[in-house]
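Student: Chains as they are written, first to last, in my numbering: chain A, 1 to 530; chain B, 1001 to 1422.
I should point out that these hints are in silico values taken from the structure, not numbers from a laboratory. Glycine included, every Cβ here is placed at the ideal spot set by N, Cα and C. Heads up, some of the hints might be wrong.
The calculated DSS-like cross-link candidates involving lysine-lysine, where the alpha carbons are at most 27 Å apart (straight line), are [stated by the list, open to error]:
1) B:K1368 / B:K1384
2) A:K414 / B:K1267
3) B:K1268 / A:K96
4) A:K414 / B:K1268
5) B:K1268 / B:K1006
6) B:K1368 / B:K1337
Label-pair distances were calculated between CB atoms; the ranges are [stated by the list, open to error]:
7) B:R1198 / A:P333: 40 to 50 Å
8) A:L278 / B:K1267: 35 to 45 Å
9) A:P410 / B:E1111: 36 to 46 Å
10) B:R1097 / A:R270: 25 to 35 Å
11) B:K1267 / A:K96: 22 to 32 Å
12) B:L1247 / A:T71: 36 to 46 Å
13) B:K1267 / A:A411: 21 to 31 Å
14) A:K96 / B:E1111: 34 to 44 Å
15) B:S1383 / A:P333: 38 to 48 Å
16) B:V1062 / A:E323: 46 to 56 Å
17) A:D313 / B:R1198: 42 to 52 Å
18) A:G145 / B:D1235: 50 to 60 Å
19) A:L278 / B:P1335: 47 to 57 Å
The chain contents come next:
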Amino acid sequence: MVSSPRNYQPLPPRAEIVVVGAGVIGCAIARELTRYTPDVLVLDKENDVACGASKANNAEIHSGIGEDPGTLKQRLNVRGNQMYEEFVRGLGVEFKRQGLLIVVTPRSAPPEMLKKMSEEERIKFFTEVIPRGIVSFGEKAGIRGLQVLSREEVFRREPNVTREALAGVFDPNYGMVCPYKLTIALAEHAVLNGAKVCLNTEVTGFRVEDGRVRAVITNRGVVETSLVINAAGVFADEVADMAGAGGFRIHPRKGATLLFDREVTSEYVRSSVAEFRLPGMKKTKSKGGGAMPTVEGNLQLGPTAVEVEDKYDTSIMAEEIEEIFERFHYLLPDFPRDAVISAFSGVRAPTYEEDFVIEASDRVGGFVNVAGIQSPGLASAPAIVEMVMGILRDMGWRLEEREDFVHERPAPIKFSELSHREKHRLIMEDPRWGHVVCRCETVTEMEVVNAIHSIIPATDMDAVKRRTRTGMGRCQGGFCGHRVAAILARELGIPITQVTKNGDGSPLYLGRTKETLLSRGKGSSLEGEG
Amino acid sequence: MSRTWKPDVVVIGAGPAGLGAALAAREAGLREVVLVERDFELGGILPQCIHDGFGSIVFEQVLTGPEYAQRFIERVERSGIEVLLDTMVLELRPDRRVVAVNSRDGVLEMEPGAVVLAMGCRERTRHQVLIPGFRPAGVICAGAAQREINIEGLMPGHRVVILGSGDIGLIMARRFTLEGAEVEGVYEIMDYPGGLTRNLVQCLHDFQIPLHLSHTVTFIHGRKRVEAVTVARVDGNRKPVPGTERLVECDTLVLSVGLIPENELSKKAGVALHPVTGGPVVDELMETSVEGIFACGNVVSVFDLVDYVTFTAQVAGRGAAEFVGGRRRHRGEVPVKPGRNVRFVVPQRLRCLDREVELYFRVERPEKSVQVRVLVDGKPVSSKKARMVRPPEMVRASIPAEALSGQVREVVVEVVPDEKEA
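Same shape as in the complex, but just chain B:
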């Protein structure tokens, strides 16, 4: 409380995004890098993700979540980064002033040269999707269930219905089964699955867990503890079809109904958020609308692969170092716009225009045999083919540095049918 600390950069959150950003900032030459984490250990959500599938791009190896995290944690521990665990950031102001609290130091005030937002995301809850019924014990989000089983060693339930076929829902279907629980089925309101194909195969198909597309839970029964749920088929407008209801006895309803970037602090700092991603609007350095405040990973937009989170973190960490070192120059402002069958693109704008830029985007609807194209002022500067694109999967594209060298007005990312195959 007594002194105000003035480090080079404060990174908020020590999941894969925060770890990556802190390391990148340190490796780019910043001396005092402070990594603030509210949990008791580093790694964010990774330590509870004991399944494999992490790191195939970054490490060209298939790792479990804890293994992936550990590779960064070991580097952080050797790097001289100041780690504050069990520390909660209470305030972030537009002038980058940070107020945090922990049980050792009390209230900590910091005035860093730059801030990197790496708070990740949270799960959408039962009420945010407004499932009618009672409010008993036994309704739980998939990520919370994962933590309880894998970290705390507790069983949230024995007879499980899963709503939502996002990756965590699929992984938890398998995890509950491996723990001896009975998973009656996975219900998905959309007419296509929400998770990665490999998870559909490895988590549902291999364990003979049925996936019910175009279905939802219409009522939760049980006054004290879940006793059953009513499920029903939905029509094209996602409304339950009368007469298709079925009562499923269970003691637990697990929800995997979406993730929301956690931007409460960003809002306090006046950071502009994007209406579609729910995260900060960023440029190619992952700098937000507030000067010197950078953002990376799931706080910007929910990524499907941790590898992409790490990539954006490295960009943000290096960007913060450029900013603190006085080397960050804006040469213009070019919007990056979603074109045909593209829901959003990150980053949303380019301001430095002096380097190759990786773009991440999601499609609006599944489509087969397509070309992913990046257009600079209408001219294609990169393109690649894809056999299939699906909304749950983030797609990567890049703009070569030379394409941005002249006078540029706009960049458009689009997905078009691959004519040669059509």
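Okay, chain A solo, but in the shape it has when bound:
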């Protein structure tokens, strides 16, 4: 096994609060906790934060329009959406309310429902009953500003949607955020305020005495604590069971998304676009997906929803690719298929009840589960945090705001967004700003170096990519991959053969040339890194 440069923050012997899981929810809770105490420890088994669903979702901040009344999901989604500006303030993360266009088409209602209607009734049903129904449904949930659009208004907003569109609803509350950049920023903000984030640290058990949690046991040692927050995503059920604080099951459901070239995207859509389906028409419980430009401007088509056995199954199946194209070819008929630059898949963490599970365990004292967080988890995050804080208050945890809380997390400089004058000034200060490493996304050596030495250090290729966008463009790292690997090796002080894609077991190179030949000559082999 080739060992990778690991993120090894020393594991403290005790912590006031331990958060298990460094996804967006865990990091958001940790950041909030540091408003009151610096003694917060976040644990994650991966080599970076945001390595699960937080890096592979569609980045949507839904308004709550897609959720069922009476669910925790709906309540927290609507509230969370409204809190978002405040939530991201000071983090240096872009949040854009680009809006969602919900398109009503002849496919929006099941054929059997339409059979009995006259042509006139049908038109009225699609152009008035459905859009007004969507708006009044939303208003009941507390979503404001929804607008009914005529067919012409739909095309005025988005000229490239299907000519079969009959009407629409525009939801101005809907927004986009980069989920992994948000997670990184939250984690860094927490660390700036005293929290510790220990990566490559896997929770293997808990010490529970007299019905209360006393310590967290990890692969790297034991941390004494009296308060654990379980935000372990798809593994939340297993983590809860380790403490005897379970009772729910997570069944992994993966979702694949195709990502398209920025230039093509900007010619086709402005806001996100989704086709409306009457409740009950969807195949699964996860939301129907759509065509969504990210904050960086790349269109995403997806996601799919496939129940899987393996919580690590982030593969993409041929059938999923077909399904995505089929679905969105209808919605955006002229969108060019060959502009696809990437595809990714993430694993959702639903419970069988399909709602969030956010509660203090009634079996183990000092153990709070924040589980079953699937879409709209990202949108609900601020409200989930608020709810968790309420639970802690009810548990008797004292919430006294610190006076020394640092409100700003400085955002890394993005060279490509600077003016020529600013670019010039930076290069004159440090020539590393003048080395463009990634051509497609115009990322400089200095940005890569900064990412490697940031508060949550990037120590593998994917971690650098998430922070700087190296390798995220059209060539997908074909040109810059080696350069980034060389900078990682130099800055981390390791041989380049130890640089990994995403932590242990993912080396980019399996050795140096001639080594293979030499080892063959001796009758041995260098293989086995797999």
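Got chain A; can you put chain B on it based on the hints?
Tutor: Same frame as chain A, now just chain B:
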């Protein structure tokens, strides 16, 4: 940043196209020729192409890539051409204004008399061909693998499957083998090979590496590092045939699934691109749709031989010099159209109509015993026989200057069966 530089011509990219164009422009009399290259050295992709097969037309010698490049680099170094290495062009505007950046000069603004685009091409990636499966380390494009082995001295893998039988894929099959890696096979989705015949013989046959035509990779296994791929036979529509899947254990998947002309800057400048080639529409001077912006080599259309890249570069460099010198005259506009069994022709139009023109084209499908003909307004003006034409190989044809002297409406290039042999 302080001053705006006004050279005669800026050549963007210093691979074989840029080197050739800069030299031609200089030799045609331009004084200030600036050659901008984003890499640390001149030569583009050539320094990593350590195999031979370069220069058989230009130098009538068989050279390796570095040797071919070196012949131009030495001339460039003696020529007084201003070379900017490790310099990235960030912007190109329709008025030919160029903004570049490097670590020595900071932001450089240039207003050249002409621009030559010579950015080359990039490799099509795994996602552009949408191979299902996981996203582990160990999936790599052939050209990137070539760089890692030949320049960086690193082994991307030990047990290799290659998808795509383009020339780089074939060459890398041999290269991996010579480095002691095991190449399980080369898989090609089409029912004919993608590379040159000489590479099929020298890189696969001589090393007993199997070539599986009408096959593709249908799944990549391995969460962290490639552990295996599933391969399957495809039908006539290139869809995998159920039941033909086979699991091949490997640690690396090398992709040679096509090259794409790199035209991001061209687009920023408003240069019209051709839907088939993916590169700028050019005339017989290699001038694009934007006045004073020329293009050559793989940025225009992916060539199979570097010699052709050099030829187009020389045309573009001389064209830029004519333009800057005020000698470039348009006498009309004549489209050059693909006829029977021709996919595209470069250049796509003629505007000067005062000289002999070399045409480069690819066929749509393999065909034996053919005649390649150029028709001017329906009349054949040149023809040659070929025993075999195949889509991977660029074909050359020419139009004599005198054929363009009168009133001309269109030029058509066609490939027809050679009747005498049929």
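Student: Now tell me, hint by hint, if it's right for this structure.
Tutor: Okay, the hints, checked on the actual structure:
Taken as a hint, the B:K1368 and B:K1384 pair is honoured in the structure, with Cα atoms around 13 Å apart against an allowance of 27 Å. Our distance criterion of 27 Å between C-alpha atoms is met by A:K414 and B:K1267, whose separation comes to about 23 Å. The hinted pair formed by B:K1268 and A:K96 meets the criterion: a straight-line CA distance of about 26 Å does not exceed 27 Å. For the hint linking A:K414 to B:K1268, the alpha-carbon distance of about 21 Å falls within 27 Å, and the restraint holds.
With a C-alpha separation of about 20 Å, the suggested pair B:K1268 and B:K1006 falls inside the 27 Å cut-off, and the hint holds. Our distance criterion of 27 Å between C-alpha atoms is met by B:K1368 and B:K1337, whose separation comes to about 22 Å. The hinted window of 40 to 50 Å between B:R1198 and A:P333 holds, with their beta carbons roughly 45 Å apart. For the pair A:L278 and B:K1267, the supplied restraint of 35 to 45 Å holds, since their beta-carbon distance comes to about 42 Å.
For A:P410 paired with B:E1111, a C-beta distance near 37 Å keeps the hint of 36 to 46 Å intact. Between B:R1097 and A:R270 the beta carbons are some 29 Å apart, a value that agrees with the proposed interval 25 to 35 Å. One distance hint, 22 to 32 Å for the beta-carbon pair B:K1267 and A:K96, holds here, with the actual separation near 24 Å. Distance hint for B:L1247 and A:T71: a CB-CB separation of about 43 Å, consistent with the stated range 36 to 46 Å.
Between B:K1267 and A:A411 the CB atoms are about 29 Å apart, so this pair conforms to the stated range of 21 to 31 Å. Between A:K96 and B:E1111 the beta carbon distance is about 36 Å. The supplied range of 34 to 44 Å therefore holds. A beta carbon spacing of about 44 Å between B:S1383 and A:P333 agrees with the range 38 to 48 Å that was offered as a hint. Checked against the hint of 46 to 56 Å, the C-beta distance between B:V1062 and A:E323 comes to roughly 51 Å, which is consistent with it.
The supplied range of 42 to 52 Å is met by A:D313 and B:R1198, whose beta-carbon atoms lie about 44 Å from each other. For A:G145 paired with B:D1235, a C-beta distance near 52 Å keeps the hint of 50 to 60 Å intact. A hinted range of 47 to 57 Å for the beta carbons of A:L278 and B:P1335 is consistent with their spacing of about 53 Å.
When the structure is compared with the earlier hints, no violation turns up for any of them.
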